[in-house]
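There are 2 protein chains.
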Amino acid sequence: MEKVTVAVETPYDVLIDHDLLKHAAAHLEDLIQGKKVLIVTDENVASFGYLGNLQEAIVGITSGVDTYVLPAGEAQKSAENYVALQGHLATLNYSRSDVIIALGGGVIGDLVGFTAATYLRGIDYIQIPTTLLSAIDSSVGGKTAIDLPQGKNLVGAFYQPRRVLCDLDTFQTLGETIFEDGCAELIKYGMILDGDLLGQLMDRESPLNALSGDLGAIVKRCVEIKRDVVLEDEHDLGLRQMLNFGHTIGHAVEQASHYKVSHGRGVATGMILTQIMAEKEGLTELFLTERFNKLLNQYHLLNQLNLVKDYDFEDLTAAMTNDKKRRGGEITEIFPDSFGKCRLETMPFDQYAGYLAAIIADLKADKLPIVLDGDEVA
Amino acid sequence: MEKVTVAVETPYDVLIDHDLLKHAAAHLEDLIQGKKVLIVTDENVASFGYLGNLQEAIVGITSGVDTYVLPAGEAQKSAENYVALQGHLATLNYSRSDVIIALGGGVIGDLVGFTAATYLRGIDYIQIPTTLLSAIDSSVGGKTAIDLPQGKNLVGAFYQPRRVLCDLDTFQTLGETIFEDGCAELIKYGMILDGDLLGQLMDRESPLNALSGDLGAIVKRCVEIKRDVVLEDEHDLGLRQMLNFGHTIGHAVEQASHYKVSHGRGVATGMILTQIMAEKEGLTELFLTERFNKLLNQYHLLNQLNLVKDYDFEDLTAAMTNDKKRRGGEITEIFPDSFGKCRLETMPFDQYAGYLAAIIADLKADKLPIVLDGDEVA
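Going down the list, the protein sequences come from chains C and S.
Note that the UniProt record's numbering gives residue 314 to position 314 of the first sequence, counting from 1, and the numbers run on in steps of one.
Note that the UniProt record's numbering gives residue 337 to position 337 of the second sequence, counting from 1, and the numbers run on in steps of one.
It cannot be assumed that every hint is accurate.
Since the list gives no way to pick out one identical chain from another, each pair is judged satisfied if it fits inside one copy or across any two copies.
What the hints assert, rightly or not - Heads up, simulated SDA-like pairs for lysine to any residue below, C-alpha to C-alpha not over 25 angstroms straight-line: (1) LYS364 to ASN53; (2) LYS35 to GLY329; (3) LYS36 to PHE158; (4) LYS35 to THR332; (5) LYS260 to LEU211; (6) LYS280 to TYR68; (7) LYS22 to ALA75; (8) LYS367 to LEU316; (9) LYS220 to ALA90; (10) LYS220 to LEU283; (11) LYS36 to THR317; (12) LYS280 to ASP228; (13) LYS22 to MET320; (14) LYS280 to PRO149; (15) LYS35 to GLU345; (16) LYS36 to PRO348; (17) LYS35 to PRO348; (18) LYS280 to GLN33; (19) LYS294 to SER63.
FYI, nobody ran anything at the bench for these hints, they're computed from the structure.
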């Protein structure tokens, strides 16, 4: 088993291994013994049997397990669901010493994390990410949030889980598309902070998949990178913004697509467009578009670029206006600096919008210096 | 001007004086200059002209002032209003560097504080309490919350304001009943932590009122007491529970009355019933009911006790079941220990409910060892 300890105010462990769900009682005993536990998940995850497996594994050591199953999808990260979940906890008389488990991807993790952060001003919660993406991204770092109709993640809190179980077996069952979304974030970690990881991903014989023997080690490396960034900047004031590489454009694309484009593919789109922008406008001396393009294509992460052609430019920038990274007429973007290293650069939003307009115009005219490859993504 | 500095992670000042609203620009310049500011208040406060005065005082140094006016009353501390206020901020494109001002009593302070704590995962907010109660209680300590249909303050966060302005002039205008509610909390501070303050309140020639020359000094003393308790126990794990003296029964009475009984009068009811319980059950050696009764009567804080006679006992204890102070079948109550000193005592909830049943039975049979005096409170 791989283990990463996150030394925040109340330190917690991220456990990475196969078969963790089956042995959840042993891994969670100190946190849930004799307590009421609410497992929140979605219909997809429940249909794979993970909810039943987890419930069966832990019910004996708790004072009772309740379950709460939502439909799948980003739309569930709503204020309505947040309020309903709070009401459910209150109706079941959950006290400050009881526990919530988030079993699912980033949507479940964010919604449940924010609920736990604010129910009775904070109760314990445990993350069990069932996707590669949520394992390496949203389950570490304590960012919890819900969406508003006006934009993603507009309401939330910084709140750390008490433990994270990354059961690698669960990453195998949600399908290749979902796994590839996680690879977008893997690649991001390499780009911003780890040239070795980036090189390893670019040079491997065959693309990483859920059965690859080195998956546990790679997940551990990403969790460590994220942990180190978060510890240095828990409240997202500096270094942590680096993790947003590709996210400014990525979030905008997700929102403009009404979330038909997934988070991972949104970020992949954002990363390649940011790279092209940086090369085109002289914002980097690292000419990486071609290799980067090839790497992203291996995981079929760029095919939704054709969708972006149909979006109004105003829709894209309107989404950015509400983005938290925009402060008082300026925007801070993350640009590639050298291999495995990015930098923050703040510029007037209008200047940035001009650069973006040029890239989008090239995209619409099929003049971007990239090739698309792989299946269409619905 | 009186000033109390609260040295939390980001220290802030509580300013106490007359005429603060009029000079708000000078007192808030460092926090709001060049920023967008949303003032949230209620119709009562707005009708006294405070909203207009504040807006006029600060608009010149901000980049724009927006206002948001709610109806008055506890019912406004709802999840619906919380979500609507978040949506309003997003629609107005408030960024992380903008500011919200809570202008009003505890309801506005709690709702706005929780909104500020969670909009974009936290933006600055300023408290301008317009009642004695909110000045000495909810505006210091960082407890923010909203209510659910299942109970009061069930959802919230610990989040500190950047500054608190207590304009004593505003305490004069909201009526004697509201001022007296604040006196219930003054008396509570004396009971739990300051025998001098308690003696001073018991021995004064005429009751404190909004025009009393020593009001500023008394407010300062209460803010200091609360500050000291909060600093020692920011996350409400021990000492801070002391501040809940009278609140277990108080909250239950408020809820059972559907909030016809105000917070201050609920707490006064809770304090006297807890004192009588302590004497009756041998939980204290401090026999203070008579003097305590007299003091509370001076501020007409006990007349709603007649209302409590009509409540079902089950309604009262049902409300307590959801109270955050109840943990795993036990309840921690605060009992008077000596003059100006209370202690925490944890006991099985059933035992506590038995004591409470005895007191309520006495109340219904008009056998409580107290006298009621003053006007009926609707």
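Which of the numbered hints are not met once you compare them with the structure shown?
-> 1, 5, 6, 7, 9, 10, 12, 13, 14, 18, 19
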